[in-house]
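> Chain residues, written in single-letter form:
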Amino acid sequence: MPSDTRQKVMRHIDIVGQLQPALHQPQHAPLPTAIDNAHFRAYMRTSHDVGGEPDVSIEWHEKEEEQWELNTYVTCECLAWRGVWNAEERRRRQNVDLGQTQYLGLPYYGRWLLSAARIMVDKQHITLTELMNKIDEVKKRHE
Amino acid sequence: MAEKHKPAPMVDEVSDFEVLEVAVRELAIEKGLFSAEDHRRFAEFAHSIGPLPAARLVAKSWLDPEFKKLALEDGFTASKEVGIDWLNPTGFGTPSDYCDLRVLENTPSVHNVVVCTLCSCYPRPILGHSPEWYRTPNYRRRLVRWPRQVLSEFGLQIPADVEVRVEDSNQKCRFMVMPMRPEGTEDWSEDQLTEIVTRDCMLGVALPHPDRKADDKRPVHKAANPVHGH
Amino acid sequence: MSRGHHAEKATGKGDPQCFRGEAPQPKFKVGDRVRIRDLPDIFYTRCQVYTRGAEGVVAVVTHESPAPEDEAWDNVDAPEWFYIVRFKQKELWSEYPDVYANDTLQTEFSERWLEPV
Chain A
52 MPSDTRQKVM RHIDIVGQLQ PALHQPQHAP LPTAIDNAHF RAYMRTSHDV GGEPDVSIEW
112 HEKEEEQWEL NTYVTCECLA WRGVWNAEER RRRQNVDLGQ TQYLGLPYYG RWLLSAARIM
172 VDKQHITLTE LMNKIDEVKK RHE
Chain B
2 MAEKHKPAPM VDEVSDFEVL EVAVRELAIE KGLFSAEDHR RFAEFAHSIG PLPAARLVAK
62 SWLDPEFKKL ALEDGFTASK EVGIDWLNPT GFGTPSDYCD LRVLENTPSV HNVVVCTLCS
122 CYPRPILGHS PEWYRTPNYR RRLVRWPRQV LSEFGLQIPA DVEVRVEDSN QKCRFMVMPM
182 RPEGTEDWSE DQLTEIVTRD CMLGVALPHP DRKADDKRPV HKAANPVHGH
Chain C
27 MSRGHHAEKA TGKGDPQCFR GEAPQPKFKV GDRVRIRDLP DIFYTRCQVY TRGAEGVVAV
87 VTHESPAPED EAWDNVDAPE WFYIVRFKQK ELWSEYPDVY ANDTLQTEFS ERWLEPV
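Protein chains in written order, with the working numbering: chain A, 52 to 194; chain B, 2 to 231; chain C, 27 to 143.
Next up, chain A with everything else stripped away, as it sits in the complex (with noise of 0.2 Å):
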């Protein structure tokens, strides 16, 4: 098995597995001349390739779906049946393009959702400004 490549995939997931999401940390654009090519590769990683990573044990756990959650899996399906988007573009969304932070810290289903209402603004079936107005518009129902 040894060869180039195969290094090279060992040490990037050396590298993704010290990325975390910067949450407390200032950073500072870099210089290019500090980044090399691993930690290029490390940045471009897409955020849900996970696989082979340490990590500790967890203990396993059940949940129960609260109602908008399953509400956000149907909205999804909807808009894929009717031919907003497929599939793959709702997982490019939801798994890789809201990067590392929100990846790691939203949940599951909070992930679907943003994706469903970006790729509605993003195609132009309704504008920023309407959601906006809409998300206002439901919070004052429940005030």
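Wrong hints could be hidden among the right ones.
Taking lysine-lysine pairs in the DSS-like style, the calculated list, with each CA pair at most 25 Å apart, reads [as the list claims (entries may be wrong)]:
no., chain 1, residue 1, chain 2, residue 2
1, A, K114, B, K214
2, B, K70, B, K81
3, C, K39, B, K81
4, C, K55, C, K114
5, A, K185, A, K174
6, B, K81, C, K35
7, B, K69, C, K39
8, C, K114, A, K59
9, A, K191, B, K218
10, C, K39, C, K116
11, A, K174, B, K81
12, B, K81, B, K69
13, B, K223, A, K114
14, A, K174, C, K35
15, B, K69, B, K214
16, A, K185, B, K32
17, C, K35, B, K32
18, C, K53, C, K114
19, B, K214, B, K61
20, B, K61, B, K81
21, B, K32, A, K190
22, A, K59, C, K116
23, C, K55, B, K70
24, B, K70, C, K39
25, A, K114, B, K61
Worth flagging that the hints you see were computed from the coordinates, not collected in a lab.
We have chain A already, so just place chains B and C on it with the hints.
Relative to the frame of chain A, chains B and C by itself:
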């Protein structure tokens, strides 16, 4: 509506996820991206799915070698015999689960276990919604590299001479495991056999046992506003 | 392209069945030894990094479909054959214990990711 076991909250607090979910759904319907009836129909489907059809597929396979052959060769067609048409509910399937079911046969020398490292691909139409642990980055990170350690955390020790085969489900195929029929189930009916083929057995993190009709008890995270009608 | 083109194409057939017959002849068959190419990581893929450069054996020739890298932007013009490849765990992870030398992992690739060994 006030719930029985906890006092009614002072304010009707609603989460930002709930607000956004309502906003997105209402806008999609107002703009004609899909209809309220589409949403209702798909929700009905989403409520109806669970692991029983897959369990029946396994039980049938244990009893009928011809059906077993079909299940292993053509999961899509075999599913119809346990009441699952993968083209439902849209006419071309559920968009996220596609229509290519592959059944992985456990043998005395091979034990299969399923993961999706990239998201949580899962054969929903025949197995229902995925469990929480299956969706965690932790399971997805570790199963492909330390499968025996992860399986032992599920209480499963696989002998060293048995090949543990991890299936990383990453494209349009969807996978379920067909476990081996356990001893002590001779003369059992299809219904009896179906009862011991639990969800975890069909993911490969458990094995069926004549005395075991439910998956191991694990901590359950309660929902603030759980799905109605379950 | 109009909204709903996928539904029109796939209704009554399913996906990936709706792409049947659209890919060129498959380059690999069951039993072929293949190596996973290390194509650039940029924006999207479903080819896991942990498989890159590893050698395995084609276990199943599955179906035709657009590659995820294309379909993720709704481009379905060039379907390819897909293959489930079986790897020895030891090939993927050098620290994998020798006592479990039989252990394997399978995952699926579109044809562009495979090269013959």
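> Does each hint fit the structure? Answer for all of them.
Here's how the hints hold up against the structure:
A threshold of 25 Å between alpha carbons decides the hint, and for K114 of chain A with K214 of chain B the separation of about 20 Å falls inside it, so the pair holds. With a C-alpha separation of about 15 Å, the suggested pair K70 of chain B and K81 of chain B falls inside the 25 Å cut-off, and the hint holds. At most 25 Å may separate the alpha-carbon atoms for a hinted pair to count; K39 of chain C and K81 of chain B meet this at roughly 14 Å. Restraint check for K55 of chain C and K114 of chain C: satisfied, since their Cα atoms lie roughly 19 Å apart, inside the 25 Å limit.
As the CA atoms of K185 of chain A and K174 of chain A are separated by approximately 18 Å, the hinted pair is consistent with the 25 Å bound. For a cut-off of 25 Å, the pair hint linking K81 of chain B to K35 of chain C stands: about 22 Å separates their Cα positions. With a C-alpha separation of about 24 Å, the suggested pairing of K69 of chain B with K39 of chain C holds against the 25 Å cut-off. In summary, the hint linking K114 of chain C to K59 of chain A is supported, as the alpha carbons are separated by about 19 Å, within the 25 Å threshold.
Simply put, K191 of chain A and K218 of chain B have alpha-carbon atoms about 41 Å apart, too far for the 25 Å limit, and the pair is violated. Distance check on the hinted pair: K39 of chain C and K116 of chain C sit about 40 Å apart at the alpha-carbon level, beyond 25 Å; violated. Restraint check for K174 of chain A and K81 of chain B: not satisfied, since their Cα atoms lie roughly 37 Å apart, outside the 25 Å limit. Proximity of K81 of chain B to K69 of chain B is assessed by CA-CA distance (about 13 Å); at most 25 Å being required, the pair is judged to hold.
Under the criterion of a C-alpha separation no larger than 25 Å, the hint pairing K223 of chain B with K114 of chain A is consistent with the structure, at around 6 Å. Straight-line distance between C-alpha atoms of K174 of chain A and K35 of chain C comes to about 21 Å, which keeps the hinted pair within the 25 Å bound. With a CA separation close to 22 Å, the supplied pair K69 of chain B and K214 of chain B stays within the 25 Å bound. Restraint check for K185 of chain A and K32 of chain B: satisfied, since their Cα atoms lie roughly 13 Å apart, inside the 25 Å limit.
Between K35 of chain C and K32 of chain B the alpha-carbon distance is near 24 Å, which keeps this suggested pair within the 25 Å criterion. Note on K53 of chain C and K114 of chain C: the hinted pairing holds, with a Cα-Cα distance of about 22 Å set against a maximum of 25 Å. Taken as a hint, the K214 of chain B and K61 of chain B pair is honoured in the structure, with Cα atoms around 17 Å apart against an allowance of 25 Å. Between K61 of chain B and K81 of chain B, the direct Cα distance comes to roughly 12 Å. Compliance with the 25 Å bound is thereby established for this hinted pair.
With a C-alpha separation of about 20 Å, the suggested pair K32 of chain B and K190 of chain A falls inside the 25 Å cut-off, and the hint holds. Only pairs whose Cα atoms come within 25 Å are accepted, and K59 of chain A paired with K116 of chain C is accepted, the gap being roughly 17 Å. For the proposed pair K55 of chain C and K70 of chain B, the alpha carbon gap of about 22 Å is at most 25 Å, so the pair holds. Note on K70 of chain B and K39 of chain C: the hinted pairing holds, with a Cα-Cα distance of about 23 Å set against a maximum of 25 Å.
At most 25 Å may separate the alpha-carbon atoms for a hinted pair to count; K114 of chain A and K61 of chain B exceed this at roughly 30 Å.
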